[in-house]
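J.: Chains A and B, in that order, give the protein sequences.
Going by the numbering used here, the residue at position 227 of the first sequence is 225; the numbering climbs one at a time, nothing skipped.
In the numbering used here, each number is its position in the second sequence, counted from 1, plus 13.
Each hint should be verified, as a subset may be incorrect.
Distance condition first, Cα-Cα at most 27 Å in a straight line; then the derived DSS-like pairs of lysine-lysine [what the hints assert, rightly or not]:
| id | chain 1 | residue 1 | chain 2 | residue 2 |
| --- | --- | --- | --- | --- |
| 1 | A | LYS13 | B | LYS175 |
| 2 | B | LYS31 | A | LYS290 |
| 3 | A | LYS135 | B | LYS257 |
| 4 | A | LYS282 | A | LYS313 |
| 5 | A | LYS207 | A | LYS282 |
| 6 | A | LYS290 | A | LYS135 |
| 7 | B | LYS227 | B | LYS31 |
| 8 | A | LYS157 | B | LYS257 |
| 9 | B | LYS207 | B | LYS87 |
| 10 | A | LYS10 | B | LYS31 |
| 11 | A | LYS12 | B | LYS257 |
| 12 | B | LYS257 | A | LYS290 |
| 13 | A | LYS312 | A | LYS207 |
| 14 | B | LYS227 | B | LYS70 |
| 15 | B | LYS209 | B | LYS227 |
| 16 | A | LYS313 | B | LYS257 |
| 17 | B | LYS257 | A | LYS315 |
| 18 | A | LYS135 | B | LYS31 |
| 19 | B | LYS227 | A | LYS135 |
| 20 | A | LYS282 | B | LYS175 |
| 21 | B | LYS87 | B | LYS31 |
| 22 | B | LYS64 | B | LYS207 |
| 23 | A | LYS12 | A | LYS81 |
| 24 | A | LYS157 | A | LYS135 |
| 25 | B | LYS175 | A | LYS12 |
| 26 | A | LYS81 | A | LYS10 |
| 27 | A | LYS13 | B | LYS257 |
| 28 | B | LYS87 | B | LYS64 |
| 29 | A | LYS182 | B | LYS175 |
| 30 | A | LYS312 | B | LYS64 |
| 31 | B | LYS64 | B | LYS257 |
Examples of chain A residues lying across from chain B (beta carbon under 8 Å, computed) [claimed, not checked]:
| id | residue |
| --- | --- |
| 32 | LYS96 |
| 33 | ALA113 |
| 34 | VAL131 |
| 35 | PHE140 |
| 36 | SER143 |
| 37 | THR180 |
Only part of the chain A face toward chain B is listed, based on derived beta-carbon distances under 8 Å [as the list claims (entries may be wrong)]:
| id | residue |
| --- | --- |
| 38 | ALA97 |
| 39 | GLY109 |
| 40 | GLU183 |
No lab work stands behind these hints: they were computed from the structure.
Yeah, the Cβ is synthetic: ideal placement off N, Cα and C, and Gly gets one too.
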Amino acid sequence: MVLVYAESPQGKLKKAAFEAVTYGRQAADAMGVQCAALVLGAADNAGELGSYGAHEVYQVNNDSLNNFDSQVAASVVSSAAQKLGATLVVMMHSSSGKALAGRVAVRLDAGLVTAVNALPTISGDAVNVTKNVFSGKAIAEFSISSATRVVSVAGNTFKPVVNGDAASVQTLDVDVPQGRYTVKEVSTMDGVTPLPEAELVVSAGRGMKGPENWGIIEELADILGATTACSRPVADVGWRPHHEHVGQTGVAIKPNLYFAIGISGAIQHLAGVNQSNVIVVINKDPEAPFFKAADYGIVGDLFDVVPRLNESLKKYKAENS
Amino acid sequence: MNMLVCVSRTPETTAPVKFSADMSEYDGSGVNFIMNPYDEWYALVRALEVKESQGGKVTLFHVGGAESDAVIRKGLAIGADDAVRVDAAPSSSMFVAKQIAEYCKANAIDILFFGKETIDFNGAEVGAMAAEMLDMPYISFAIDMQLDGNNATITREIEGGKEVGEVQTPFALSAAKGLAEQRIANMRGIMMSKRKPINVIPAADAADKATVVKYAYPDAGGDVVYIEPDNMDELVRRLAEEAKVL
Ligand SMILES: Cc1cc2nc3c(=O)[nH]c(=O)nc-3n(C[C@H](O)[C@H](O)[C@H](O)COP(=O)(O)OP(=O)(O)OC[C@H]3O[C@@H](n4cnc5c(N)ncnc54)[C@H](O)[C@@H]3O)c2cc1C
Ligand SMILES: Nc1ncnc2c1ncn2[C@@H]1O[C@H](COP(=O)(O)O)[C@@H](O)[C@H]1O
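Put together the whole structure using the sequences plus the hints.
T.: Okay, structure coming up:
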């Protein structure tokens, strides 16, 4: 069977969990086996995993699992996988998933591939999966040779598909060891979709000239309901917070729509954003490298173009809501 | 504090990406290799800061052939005390993790540092694997670490926010932007690095369980559609009707 571990940070499953279970179900169908989903600790909407394809939904009830400790979670997920006889364990390629996948692979003596971008191809005992490597400049196909396999699913890659009814949640009884890492405080920004999950992103760079000019960018993001991002130098000089920095050394994103405003399109920037579905570039320099990666390009002064764009979008929203 | 900083070697970010004719192997000929930025800029520098404030030793650990020595020397020039190189190709994450774990079993380490991920394969695998083999806590994506004796308070990045937690040595962490400020090697460091040892050791046995069999290039995107800067209605129309993203 295929076991999908669905994270429920702060007690709630989010989009990436439904992407993972959609993937798990499709992989299970390809392998001709059942798909089960697993949640640890509180998960208000765990039953929804059934709607996205899980045949069974299991929950390990233990308050200590409400905070993430990679060591404890790895033990519980591995025990569950063994108990249920999973041959493929699917996880999310999230900040916690990245601390967990390697541990689970060791415990299950399994081959691991993280951030996979396509369903596995199966021929006999061999399971092959692909992922983007070298900043999206190539795709690598891995062959996993072990009897049990672990994969984590790249975010914003598999659209969650509803194909059934909510499932009833069953309690799974496995040992929960004592952890050695204690969470003291969790702080998240409410009301803003975090960059790795964002479908719409408005990003700006050094072309903005200074932090005082960001009003038009925030207005554009507001109209769209988008998350804001920036190039690295802008975060380095403190015009924008560090967590907004996208690119090879920042957050890698994969939104449906990416606006790049006053950003030259250096290769290290593109590395983190070139998986976006649609890219719009606004730059006054027709030679800016970003235009090569763009779907739509506007050669012009951003201080003229963006306010005009905001007006057009407001008009569109007013007519279409 | 005995600290081990695991460092990997990656192609420079602007290097062209090429493969063998049958697309089965990466072709690094003519490519300039660097130390993985997360390892160099954040993990190594934070380890050096700990050493400077409360004493201890910083050892670099690398799995790779002699071609990696230039990268290791750079880490020594920035300030690491010595280095260990396992003389074998890093054929898979599991293989590399096993080498790290075997070394740490024989040499007591208080803090084991990793980078958040390598920038070529973006695995984020090795640190978690090694930590599990060593039965150590592992805190990924650390952006701040404060030590008080053997107690560490670590801030880590999570989706859309931060988490603060506590752990005692020995533990492992992976370094993300913010953990330290990048340092440049100075002349004195470069001179001193020439006298620092790189201990070359043989590899421990470990099986690969997932390996690359083939590479491919992604489909080239279509051409860019230019839109006049004074016609933003047209952009909005195309985003709504053509691209269907609004
Ligand atoms: C190892 C390494 C890792 C890196 N990682 C990252 C990373 O993760 N993310 C990242 O972003 N960078 C990264 N960089 C830096 C990267 O190489 C570039 O320096 C950076 O992306 C440039 O930022 P920018 O485009 O905002 O600024 P610039 O390159 O200065 O570009 C500004 C752009 O704005 C345009 N412009 C100026 N005024 C206007 C106007 N009025 N209207 C319209 N357009 C205007 C200009 O034509 C120009 O194209 C990295 C570099 C290295 C060496
Ligand atoms: N060949 C290697 N030798 C030593 N450490 C490595 C090696 N490869 C990866 N690492 C460490 O593991 C981290 C994560 O690598 P990865 O799992 O490949 O993304 C890197 O930032 C390094 O700290």
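J.: Would the hint on THR180 of chain A be counted as holding, given a Cβ-Cβ threshold of 8 Å to chain B?
T.: The hint holds - THR180 of chain A has a Cβ within 8 Å of chain B, the shortest such distance being about 5 Å.
J.: For a C-alpha distance cap of 27 Å, please report whether LYS209 of chain B and LYS227 of chain B respect it.
T.: Distance ~39 Å between LYS209 of chain B and LYS227 of chain B Cα, so the pair is violated.
J.: Would you mind confirming whether the straight-line C-alpha gap from LYS64 of chain B to LYS257 of chain B stays at or under 27 Å?
T.: violated (55 Å)
J.: Has the given pair, LYS313 of chain A with LYS257 of chain B, been kept, meaning a C-alpha gap of at most 27 Å?
T.: holds (17 Å)
J.: Holds or violated: are the alpha carbons of LYS227 of chain B and LYS31 of chain B at most 27 Å from each other?
T.: Within the cut-off at roughly 12 Å; holds.
J.: Tell me if VAL131 of chain A is really an interface residue toward chain B, meaning its C-beta lies closer than 8 Å to one of theirs.
T.: holds (5 Å)
J.: Would the hint linking LYS312 of chain A and LYS64 of chain B be met if the CA-CA limit is 27 Å?
T.: Since the Cα atoms of LYS312 of chain A and LYS64 of chain B sit roughly 56 Å apart, the hinted pair is violated (cutoff 27 Å).
J.: Next pair to validate is LYS207 of chain A with LYS282 of chain A; report whether the Cα-Cα distance is within 27 Å.
T.: holds (13 Å)
J.: Given the hint that LYS282 of chain A pairs with LYS313 of chain A, test it: the Cα-Cα distance must not exceed 27 Å.
T.: Holds, at roughly 25 Å.
J.: Given the hinted pair LYS257 of chain B and LYS290 of chain A, is their Cα-Cα distance within 27 Å?
T.: holds (21 Å)
J.: Compare the distance between the alpha carbons of LYS10 of chain A and LYS31 of chain B with 27 Å, and conclude whether the hinted pair is satisfied.
T.: violated (43 Å)
J.: Keeping to a limit of 27 Å between CA atoms, is the pair of LYS290 of chain A and LYS135 of chain A held or broken?
T.: holds (14 Å)
In this structure, the hints that do not hold are numbers 10, 14, 15, 20, 30, 31, in rising order.
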